[in-house]
Amino acid sequence: MAKQTPRTGGSLRVDVHHITRVEGHGNIVIDVHNGELKQCELQIVETPRFIEAMLRGRPYGEASHLTSRICGICAVGHATASLRATEKALGVELSEQTVLLRKLNFHGEMLDSHILHAYMLVAPDFLGVGSVIPLATRAPEVVLRALGMKKLAGDLCAAICGRHTHPIAMTVGGFTHFPSSDQLETLRQRLEAARPDVDATVELFQTLKFPAFERETEYIALSKPDEYCFIDGLITSTDGGTWPVEDYRKVTNEYLVRHSSAKRTHNQRQEYMVGALARFNVNHDRLHPRARAAATTLGLKPKVTNPYLITAAQVVEIVHCVEDAIDLTDRLLQRGIEWEAPAPPQRLTGEGVGACDVPRGTLFHNYVIRDGLIAGANCIIPTGQNLNNIEADMRALVPTILDRKPEDITLSLEMLVRAYDPCISCSAHMLDVHFV
Amino acid sequence: MAARPKVAFFEFTSCEGCQLTVVDSLQTSPELLEAVEIVRFREAMSDKGDDYLIAFIEGSCTRPSDEAAIQAIRQQAKIVVALGACAHLGGINAIRNRSDLEETRRYVYGDKADWYETYPARPIDKVIPVDATLPGCPIDRHEFVRAVKALLQGRVPVIPDYPVCVECKLKENVCVYLRGRTCLGPIARAGCDAICPTYGDGCEGCRGLIPQPNIESLKQVLAEHGLSFEQTMAKMTLFLTYQTMEREAVGDGKANA
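Keeping their order, the protein sequence lines are chains A and B. Just add 827 to wherever you are in the first sequence, counting from 1, and you've got the numbering used here. One point on numbering: in the numbering used here, the residue at position 226 of the second sequence is 222, and numbering is uninterrupted.
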């Protein structure tokens, strides 16, 4: 429950213990004394997970199965980044079919996660309710639409990899199971039939009044010249500069602070943003035309500097992913699905970095493999990269809203944190590096 | 109509994927929301009710400061259900129980290791008595729906005690071993509809051991299929670390489980 002390002479204390409608455990602590901001923290109080330490000594083929368990929401994203790291380390070349299926599977997760966040975690704030449950009676068509779209996203992943949380058929070099042409055809029809729901989603979020707050920052996303990038590509910044994913440490520069079991990052400024809005700012010209039209409808024009609009950028990506998923199923159906054995490793010792832009931003997995066993591992998580930016937003926002009622200030701060869709279990999975 | 039973969800060290599976189960069983009143579900709602009859707990206990919170849940709830492999078995969190704790902490947090409290991961029933368990990583959504219905009728949900192989045969899958991979199906508890073998991968044992598993025999089979000691250990410890260490402690599981 949020606790606030009444303000006297421009003083305020906000203490939100365990922010709700986010994944994992975080607190917001704000302390304003005589108009001066003394403390402004997003505390990550999730238990440490020690995933990297537990990977050591285990066979490379297990890494994607273990690391997908970092997070129930972005399990496919973790598995994909993990597989790319291993595949680069061991010189595994992927077939065209594997690349297409991985992309399609990834869209399933992007849709699932964005629909969950936009409809079930964010929308209740705008409709004055504490959760999506009261909406089931007040606006059943909205809830049923969200559940229907989410089910389609989950079914897409299930057809390709068995289930979204946690994927089964994704393996180093390819897949251990393949969807039938009939399954793909049915999914394609369902994706097409979902267009009215997608349009209704854009319309709904167009009517929501997002809080006005601007703070420009550095926006970072993976980028490719010829597609709206989610897997592989180059690290790209709106402040200028591109880096191969192998140079991720030059961009992330991790360090620890005491009030957080998640590590922090900074690049060219003290903070940067990753996620849907960063991707939109970096890659908007490569969105599907229908998604670009949705962006216009939602009033998004790059570069967008209001962090509350991350949710609007997610809605734009919902449009893009549905359209691109239709294109991908067309290409797969045209070429026909073949049962391929996974591509074999060329060596059993090496180092590789895998990078994906998962729902909440850029995710890196870096493994050192020796004789087929993981010798060192490092994972850098989107939410960890966003923490400094969230706190910088809070520091800029608090002085501008101090004249409001304490409960309104608390709500504004909670909505800000929620906009980033933080995935705290992920961020506290914990990361380090000491490659032996 | 009688008052709907109040239900609360809690999570400790976990990925919250089981609670997501609960949300997903509403896609096909929205009637659940009419049968119960959810008073706490931090991942999905702002209300935080402290009055509840049934508590679902996801996650393992991995630090001393979580024990009081877990005990408080037990005092309030008439029925406590352990939700998923982390709560049931310690899950993947227990992998590190076989390693030196200080070394593990330093590997991840370096010289700041002391900032973050932790101890070996434990299943929830090692902290408080648990009335029912829903195994799996993640839980099976059909089993979850069946379990809620059973609880509402005053019954303890029954989970299978036969191995995954039984379900796999019923699905007429070609055995994973005949497809060149390995599998823990012979010693792992069923109830998942053999989903991993069905999708071409071996069972990882996420639902725990069957009551009398022949672990030594399975290890022999794994060796016959070319698994090294490290590969066999990895297979046996992904989800089964806590259970195998417990067996070793009473001298039941032979060396290295």
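To be clear, the hints were calculated from the coordinates, so they are not data collected in a lab. Backbone N, C-alpha and C define an ideal beta-carbon position, used for all residues, glycine too. Treat the hints with care, since some could be wrong.
[What the hints assert, rightly or not] Quick look at which bits of chain B chain A covers, simulated, 3 or more residues with Cβ under 8 Å:
(1) 5 to 19
(2) 158 to 169
(3) 208 to 215
(4) 219 to 230
Going down the list of hints, with the structure as the test:
1. 5 to 19: Since three or more residues must qualify, the claim that chain A covers the stretch 5 to 19 of chain B holds, with 11 doing so at under 8 Å.
2. 158 to 169: That given contact is violated, which follows from only 0 residues of the stretch 158 to 169 of chain B lying within Cβ reach (below 8 Å) of chain A.
3. 208 to 215: Since three or more residues must qualify, the claim that chain A covers the stretch 208 to 215 of chain B is violated, with 0 doing so at under 8 Å.
4. 219 to 230: holds (count 3)
Comparing the model with each earlier hint shows violations of hints 2, 3; every other hint is respected.
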